[in-house]
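Engineer: Make the complex out of the two chains shown on their own, each in a separate frame, by following the hints.
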Amino acid sequence: MILRISWLLARPGRAGLATILLPIVAFATVTALLLIVLGGAQEFWTFPLEEDGIIYQLSAVLALTLLVVPLSNLAAAASRLSARRRDDRLATLRLLGATPSTVTAITVIESTVLAVLGAVAGVVLYLASVPAVGLIPFRGEALGAESVLLPALAILGVVGGVAVLATVSAVLGLRRVIISPLGVRMRVDVPRPHWIRAIIAIVVVATTYVVMGAIGAVELAMIMTVLAVGFGGTLLVLNLVGPWVLKVIARRQARRAATAHRLLAARGILESPRAAWAQVSGVAMTSFMAVFAGTAVGLAQVFGVDEQTEMLFTDIRTGVIITVVASFLIVACSVGVNQAASILDRKDLSVSLSRLGMDVATMESSRRLQIMGPLRVTTIGSAVIAGIVVFPLTGAALLFAPLTLLAIAVVLAAGIGLVQLGLVATRPILERVATPA
Amino acid sequence: MATAILEASGLTKTFGTTIALGGVDLTVDAGESLAIMGASGSGKTTLLHVAAGITAPDAGRVVFHGPSGAVDVTGLGERDRTRLRREQFGFVFQSGLLIPELTAVENVALALMLTGASRAESERRGADWLAALGLAGLEERRIGQLSGGQAQRVAIARAQVTGASVIFADEPTGALDSRTSAEVMDALLQSTTGQGRTLIVVTHDAEVAARCSRTVHMRDGRVAAEVDA
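Respectively, the protein sequence lines represent chains W and Y. Count along the first sequence starting at 1, add 823, and that's the number in our numbering. Count along the second sequence starting at 1, add 4, and that's the number in our numbering.
If you are wondering where the hints come from, they were derived from the structure by calculation, not from laboratory data. Please read these numbers as outputs of a predicted model, since none were measured by experiment.
Here are the in silico distance ranges between beta carbons for each label pair:
1. Y:ASP224 - W:ALA1237: 55 to 65 angstroms
2. W:ASP1171 - Y:VAL231: 27 to 37 angstroms
3. W:GLN1243 - Y:ARG65: 34 to 44 angstroms
4. W:ILE1144 - Y:SER72: 56 to 66 angstroms
Partner residues aside, some chain W positions facing chain Y, computed with beta carbon under 8 angstroms:
5. LEU1093
6. LEU1179
7. ASP1182
All residues carry an ideal CB built from backbone N, CA and C; glycine is no exception.
Isolated chain Y (complex conformation) (with noise of 0.2 angstroms):
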């Protein structure tokens, strides 16, 4: 039987007059990929904002069961938030968002020297997860001389070096064409679930949504269906 790794309930954010979430209920299980897809201003972002404590909701809980026992997220304070992203979850965002002024491999250490290891450790780790995503060579390479595939997969590394057990994608395919985002679909799955890890995307292409396990498809701030694939 699977595992709840993340439940959220009765979660509601308004922002202004406009509700962003209007009660979603959700159950991620530890080991699966899920989808969140919708209509801009459906609220799907919004929802893996509050699920990852980056955003705190109006009202409602997530709880996240990780390797210390549950954490009730939206209780804890902003400090606390920050650690918890820190340790225990893997962010991907559309356009990567990595420093330009540092190296790959270094752009990879950094979040793992984020909490307390020593630099050559955390680039040595880094240097195995570029290795294993398929950018060994280039881990002095600067993300302005790597292709947005390339740079994508040294955002994936970022995410993974930690030993996240949650992994966020915003749009993780959203600014790549379609052979490029095939390939980093590839990587982040086999990186995650493959790995026995969680992954949460948002998406607006079905063919990404197509390769998770479930999608959850959200309208006016409800989740308005669910699909196993």
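Chain W with its partners taken away, still in its complex shape (with noise of 0.2 angstroms):
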């Protein structure tokens, strides 16, 4: 019965095209990523472990980790986007008499078929950029497209992990959705953020401190699980001291906005700390990372080290970058399906705002400084919380290699450019909702 409505419904809806592509995008991006990473990763497997194999393998695992959280919220805001688009359908199920779990699980089923669908586009984008993929050097060569290319079970596997991912983040996704007979509505009952976070998270910084000092003595493999549990620690802050950071910060423009855009996008934060975190904290633990293993990197090629070192630091240096740039592809994409939702949730306030005579470029610069403000304190904050955790490294950059904290710089303000096309790319789904006839 739930696969024959949901095969009744998938015909597209009033919001148009893109809130169906955007989702299938998005998933396209994470498949395609996902795919690249494992494909670069498995050439890692084949290196010896005594020279320095282990830590491409702990280093591979590190950045896959790092792409999971903003993968997970990008998946979730897909299929929050899946439930926003089929509105009007989905409460006359409801008024219909369909049970909430019956609304669910046709939503569900959507974002799972858009999923697959965009994993396939992500699988057919990653074999195009095989051949580009396989350039990229790793121990003083290129990889080569053949290491790259991925056996066929383990694309089917990435896939399906897509589609499974999709589903988890749906059904999780969908528990912040009230689809009654009325209607589709977002729950309101979101927590707030406590000063206590700010407490932990100089407690944790400082261990952490403690603890990276501390490290010098230690097996090469010990300093590994050393940095991934500071690093982890670390991020952990992050996530635990980001919102209440964001809060306060938009509080404090709330009360200065001295114009409509201003006041509009400070108030959007301060509605929901949490929710401007989550869509931006990807960011936070890759600038984190980008600062942290950067740094290092840049000063030990400095300082002069072995050939085989100093291709190691080579091949990390790489690896942050592609890590980078995958994050921040996500994180745009995850804007681009958090916008997009956002628009249609607040469809009727848009269409009244216009009447008002609030123009588009008004609202537009309202929703990009909501979302660019959040993104730049988050790279920002957390590169700067990076370069206190590394402290004595970071001092040591600035002086012997301040070309890397650059080169750094401009890979995050790159990132942050990145995520601005996201947002645009949903503008013109406000302009068609806002606009009048």
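Structural biologist: This is the structure:
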């Protein structure tokens, strides 16, 4: 019955093609990036352990772990968009007597189907990019296309994994949406971040700093473990403190806002600092890692090391750049999808504001500030925290390898630009919704 | 003798094969309250949207006699129509459509801020309007913390704060009980025609229409009858 209804509803809704394409593009990006990273990483498992192989493998696992959080955020956002784009039909189904679980099942099925379509497109994208990815050098030579190409079973596994991720994220994401016979709306009982998060953050950052200072005499693999623990702890802190910091900044901006779009943006963040953070939190982790690893590698190369270590550091730098680019790409997709869902959520309000005389440019400015403000705070804030955690290294890097820090800044700035593109991609949806006929 | 503030002539508008307006002529005088009634699909909301410059008609003309002279609303581009709505017209919708994350006074002030007024001045005038509509002390409340009637009065304050010459209201009491509906209509009439401004209300409610100085009945996209109070 559920499958029959899902098929019946599988026609484009009034919200237009963009709301179908955005989740598909999002899942295509997710799949392609996962396959590329896995394809590149599979070669690492052929490296002998005694020749730093363990470091390559740990780094690959770390990079994949970093990508999991933004990937699941993106999948959840895509699922919410599926629900929003169907709001009229789903509400009608409820009105006709369908139970909440039936409607949820239909939405989850739709989301999974879109995810599979996106994943298939992602496989095509991956296969097309294999020759280019094969040119990326590791251990002094190009990986080669045949090394990057995953076995068919692994590709199928990734497609299946993305479908499962989409299904689970849809179920979790839909907990934030109420589908009633009168319409679809977001739950408003969002918990407020508390100042205690700031205290937890300070304690963990200080502890991590002490641990980092004490790792000089430990085995290399052990160092990686300690780094991972410290790294994970600090990332946990970023997630704890992030929403609270955004709330404090937005409250100050709301007090001082002199124009309509600034006031709307600040109040929009204050409405749910946790949601504002969730949208950009993936960047927090990569920004932190970029400074953390980039600084260390840059300095090590300046001071000179043996040839094998030099190669290792070069490869870590390559891995860092790939992970940062991938992470920003995912966040850009996530912002695009989230914004499309948000525009549809507030469709009636946008129409009324347009009738009142608020032009689309003002709405767009407010939206831009509401996304790019937290993104800048998150990117710069995480980079600064990473700088504090490895302060002796960043201090030395400022003196001896300023170009490394500059390169990190350029990569992060490019990432911010990429996210802005994700935001711009949703402007046609806003224009279509808000502009009078 | 009454002066026309809005003159519509020969308005037509179709959506696909549906004729929403089939040649409507209408003159609205300054300071009057006009109710537009009719069954669903009769074209009353389309008429309001075309008269307010929200929607462009397929044919016909709307002229607004504003403070700076006559303006051909139908001849304006989207940008100029947006500015006209922002500066000269006010709107009250059925469900208020206020911004939930802003406070009551910020919702009102926003309309003024969009015209370039400073935040302090906008909030001061917004607070004055809220007080005039019986909402003193509720300025810092969020919309979710207000009753339906209070929220609708915030929407009325938002429509008035810019000093709009004409207030367009689309089913302003549609979501309210009869007592609150009467209170909201009191507030709307006092703050518009009571101050020499013009009010145009689309409504299904005969009691709301009865409180206006004139009622226009729409049927199949045409004005079927006009009744003076």
